[in-house]
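Trainee: Between the sequences and the hints, there should be enough to build the whole structure, so can you do that?
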Amino acid sequence: MIEVDALTKRYGDKLAVHDLSFTVRPGQVTGFLGPNGAGKSTTMRMIVGLDRPTSGRATVNGIPYAAHPAPLRQAGALLEAKSVHKGRSARAHLVALAQTHGLPASRADELLDLVGLSSVAHKRAGTFSLGMSQRLGVAAALVGDPGTILLDEPVNGLDPDGVLWIRTLLKDLAAEGCTVLVSSHLMSEMAVTAEHLVIIGRGRLLADTTVDELIARVVVDTVVVRTSRTPALRDLLTGAGATVETDEDGRLLVGGLPAERIGELAATAGLPLYEVVPQRASLEQAYMELTRDTVEYEGGRS
Amino acid sequence: MNADNRHRVTLPRVIRSEWTKLRSLRSTWWSLATTVFITVAAGGLIGRTSAQAIRDGDIPAGPQTAIETSLFGVDIAALILGVYGVLLMTGEYGTGQIRASLTAVPKRLPVLWAKAIVFTAVVGPLMLVTNFAAFLLAQALAGDVGVSLSEPGVVRAIFGATGYLVGIGLLCLGIGVVLRNLVFAITVYIGVLMMLPPVLAAALPADSGDKVGKYTPMFAGGAMYSVDGGGGPIPYLRPGPGALVLAAYVVLVVAAGAVLLRRRDV
Numbered sequence: 001m002i003e004v005d006a007l008t009k010r011y012g013d014k015l016a017v018h019d020l021s022f023t024v025r026p027g028q029v030t031g032f033l034g035p036n037g038a039g040k041s042t043t044m045r046m047i048v049g050l051d052r053p054t055s056g057r058a059t060v061n062g063i064p065y066a067a068h069p070a071p072l073r074q075a076g077a078l079l080e081a082k083s084v085h086k087g088r089s090a091r092a093h094l095v096a097l098a099q100t101h102g103l104p105a106s107r108a109d110e111l112l113d114l115v116g117l118s119s120v121a122h123k124r125a126g127t128f129s130l131g132m133s134q135r136l137g138v139a140a141a142l143v144g145d146p147g148t149i150l151l152d153e154p155v156n157g158l159d160p161d162g163v164l165w166i167r168t169l170l171k172d173l174a175a176e177g178c179t180v181l182v183s184s185h186l187m188s189e190m191a192v193t194a195e196h197l198v199i200i201g202r203g204r205l206l207a208d209t210t211v212d213e214l215i216a217r218v219v220v221d222t223v224v225v226r227t228s229r230t231p232a233l234r235d236l237l238t239g240a241g242a243t244v245e246t247d248e249d250g251r252l253l254v255g256g257l258p259a260e261r262i263g264e265l266a267a268t269a270g271l272p273l274y275e276v277v278p279q280r281a282s283l284e285q286a287y288m289e290l291t292r293d294t295v296e297y298e299g300g301r302s
Numbered sequence: 001m002n003a004d005n006r007h008r009v010t011l012p013r014v015i016r017s018e019w020t021k022l023r024s025l026r027s028t029w030w031s032l033a034t035t036v037f038i039t040v041a042a043g044g045l046i047g048r049t050s051a052q053a054i055r056d057g058d059i060p061a062g063p064q065t066a067i068e069t070s071l072f073g074v075d076i077a078a079l080i081l082g083v084y085g086v087l088l089m090t091g092e093y094g095t096g097q098i099r100a101s102l103t104a105v106p107k108r109l110p111v112l113w114a115k116a117i118v119f120t121a122v123v124g125p126l127m128l129v130t131n132f133a134a135f136l137l138a139q140a141l142a143g144d145v146g147v148s149l150s151e152p153g154v155v156r157a158i159f160g161a162t163g164y165l166v167g168i169g170l171l172c173l174g175i176g177v178v179l180r181n182l183v184f185a186i187t188v189y190i191g192v193l194m195m196l197p198p199v200l201a202a203a204l205p206a207d208s209g210d211k212v213g214k215y216t217p218m219f220a221g222g223a224m225y226s227v228d229g230g231g232g233p234i235p236y237l238r239p240g241p242g243a244l245v246l247a248a249y250v251v252l253v254v255a256a257g258a259v260l261l262r263r264r265d266v
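These protein sequences, in sequence, are chains A and B.
Throughout the first sequence, residue numbering follows UniProt numbering, covering 1 to 302 in sequence.
Throughout the second sequence, residue numbering follows UniProt numbering, covering 1 to 266 in sequence.
What the hints contain is simulated information worked out from the structure, not anything from laboratory work.
Misleading hints may appear alongside valid ones.
Okay, the calculated bits of chain A under chain B, using three or more residues with CB under 8 Å as the criterion [what the hints assert, rightly or not]:
(1) 42-50
(2) 58-68
(3) 74-82
Just so you know, even glycine gets a beta-carbon here, dropped at the ideal spot from N, CA and C.
Mentor: Spelled out as C-alpha cells, the structure:
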C-alpha cells in the first residue's frame with residue numbers, strides 16, 4: 001500500500017508536484033498517468049526516498065520507505081532503465097543489491113531466470129539494449145520480493161514481446177496481492193493493464209478513478225449513422241439543428257441529436273437507416289479531455 | 001516484520017555489497033594493477049639510476065635518498081588512486097547506478113562508509129606490500145649503496161607512503177561525493193590539489209609560500225614518507241603532524257560529502 005499525502009515538490013520557483021494525495025491499494029494495477037512533465041517521476045522518486053518532498057509525505061505500508069529496516073522487502077522500483085553501472089555484469093549488479101539485505105547470490109540467479117536474462121548474466125550491462133536494460137531494471141526492483149512495486153514508464157523502448165511480458169508480469173504481481181503502481185504518458189497502454197487510474201497534470205491530481213468511471217465521465221454526443229441516402233438525411237438532420245460531418249466511409253457523424261430522435265426523424269421522412277451507433281468516448285479521448293489544459297509544452301500557449 | 005528484521009540493512013551487509021561492486025568492475029583491476037606495476041617499476045628504475053649518482057657523489061647516500069628514489073612512483077600512484085577514488089562515487093552518478101544503490105540503502109550514509117572501508121581495506125594492504133616491494137627492489141638494484149629496512153625511519157616512511165595513498169584516495173572519494181561529476185571532481189583533484197600547491201609555493205615569497213604550502217594535502221602527505229623532512233620542493237612538516245593534517249582534510253571533505261549525500265536529491 002502506498003499513501004501519498006499532500007505531497008509537494010518545488011524546484012526553485014517551479015512546482016513539480018503540488019499538494020498531491022492518493023492511495024495505491026494492493027491487489028490491482030494502478031496506472032499513474034499524466035503528460036510528460038506532469039510530475040509522475042518526481043512523485044515516484046519521492047515515494048522511494050530518492051527526492052525529498054518540499055512538504056507532505058509519502059509512505060509505503062504506513063511508514064516512509066527509508067524508515068523500513070529492510071526497504072527492498074517493502075518496495076521495489078524501476079525508475080529509469082539505466083540505473084546500473086555500465087561496466088558491471090547483470091548478475092554482479094543484482095548480487096550487490098541482494099547483499100545489502102543479506103540475501104544470497106542465488107537470488108540474483110532466480111531473478112535473471114525470471115526476467116529472461118540468464119544467458120547474458122555475465123555480460124556487462126553497458127552492452128544491453130534498452131529492452132534488456134528494462135528487464136534488468138525489473139529484476140532489480142524485485143530483488144527483495146517486495147509487496148509493492150513502482151515502475152516508471154516500463155514499456156518505453158520495449159519490443160512487442162517485451163510489452164506483453166511487462167503487462168503479464170504486472171497483472172500476475174497484482175493477482176498475487178502486490179501493490180503495483182505503473183506510470184505512463186500513454187492512455188492506450190494503461191487501458192490494457194490498469195484497473196485503477198491516478199491521473200495528474202502539472203503536479204496536481206486530476207482524477208483518482210477506475211477506467212470505467214473515467215470513460216463515463218466524458219460525454220461524447222456523437223452518433224454514427226449510415227444510410228443509402230446520405231445527402232437527404234444530412235439535409236434533414238441539419239434542418240433539425242444537428243451538426244453533421246461525413247467520414248471517409250460515407251457515414252454521417254451526427255452531433256447535437258440523440259440516436260432516438262435521429263431514428264424518428266428518418267422514419268418520418270421514410271429514409272432507410274442501416275446503422276445508428278451512439279459513440280462512447282474512448283479512454284484516449286477521456287484522457288485528452290482531462291489533461292487538455294495541463295499539457296506542459298503546448299504549442300501557442302502565451 | 002520478522003522477515004524484515006532478518007533482512008535488515010546493516011553496515012557489514014553494505015560493505016559486502018560494495019566489495020562485490022568493486023570486484024565486479026574491470027576498471028578496478030586495471031587501476032590497481034597499473035598502480036602496483038608503476039610504483040614498483042619506477043622504484044626499481046630510479047633506484048638503479050640514482051645508485052650511480054650516489055657513487056658519483058652527486059646525491060647523498062642514506063635513508064632519505066633511498067626512500068625518495070625508491071618510492072618515486074608513489075606520486076604517480078597517488079594520481080591513479082586519486083582518480084580511482086573520485087570514480088568510486090562519480091561512477092555511480094554518471095551511470096545512474098546511484099539510483100539503484102540508494103534505493104537499496106535509502107539511509108544513504110552506509111554506502112559512503114562502506115565505500116571508504118572497502119577502499120581502505122583493499123588499497124591499504126596492497127600498497128603497503130607494493131611500497132615494500134618497490135623499496136626492496138630499488139635497494140637490491142642499488143647494490144653497495146643500497147639501504148636496508150633496518151635504517152632509522154625507513155619502515156616508518158613506507159607505512160607513511162601507504163597512509164598517504166589511502167588518505168588521498170579517501171579525500172578524492174569525498175570530493176567525488178561532494179561534486180558528483182567526474183570531470184569537476186578530477187579537475188579539483190588534479191588542478192587544485194596536485195598542481196596548485198607547487199605553483200603557490202613558487203609564486204608566493206619563499207617564506208610564506210613554504211609556511212602555507214606545507215599544510216596543503218599533497219605536501220602534508222609528502223611529509224608522511226619523508227625521513228628527514230626533505231624530499232619535496234619545500235620543507236615538510238614532521239610525519240606525525242603531516243598525517244594529522246591530511247587526515248583533517250579527509251575528515252572535513254568526507255563529512256561535507258556525507259551531509260550533502262543525506263540532504264540532496266539523488
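Trainee: With reference to the structure, classify each hint as holding or not holding.
Mentor: Hint-by-hint comparison with the structure:
no. : hint  : verdict
1   : 42-50 : holds (count 4)
2   : 58-68 : holds (count 3)
3   : 74-82 : holds (count 6)
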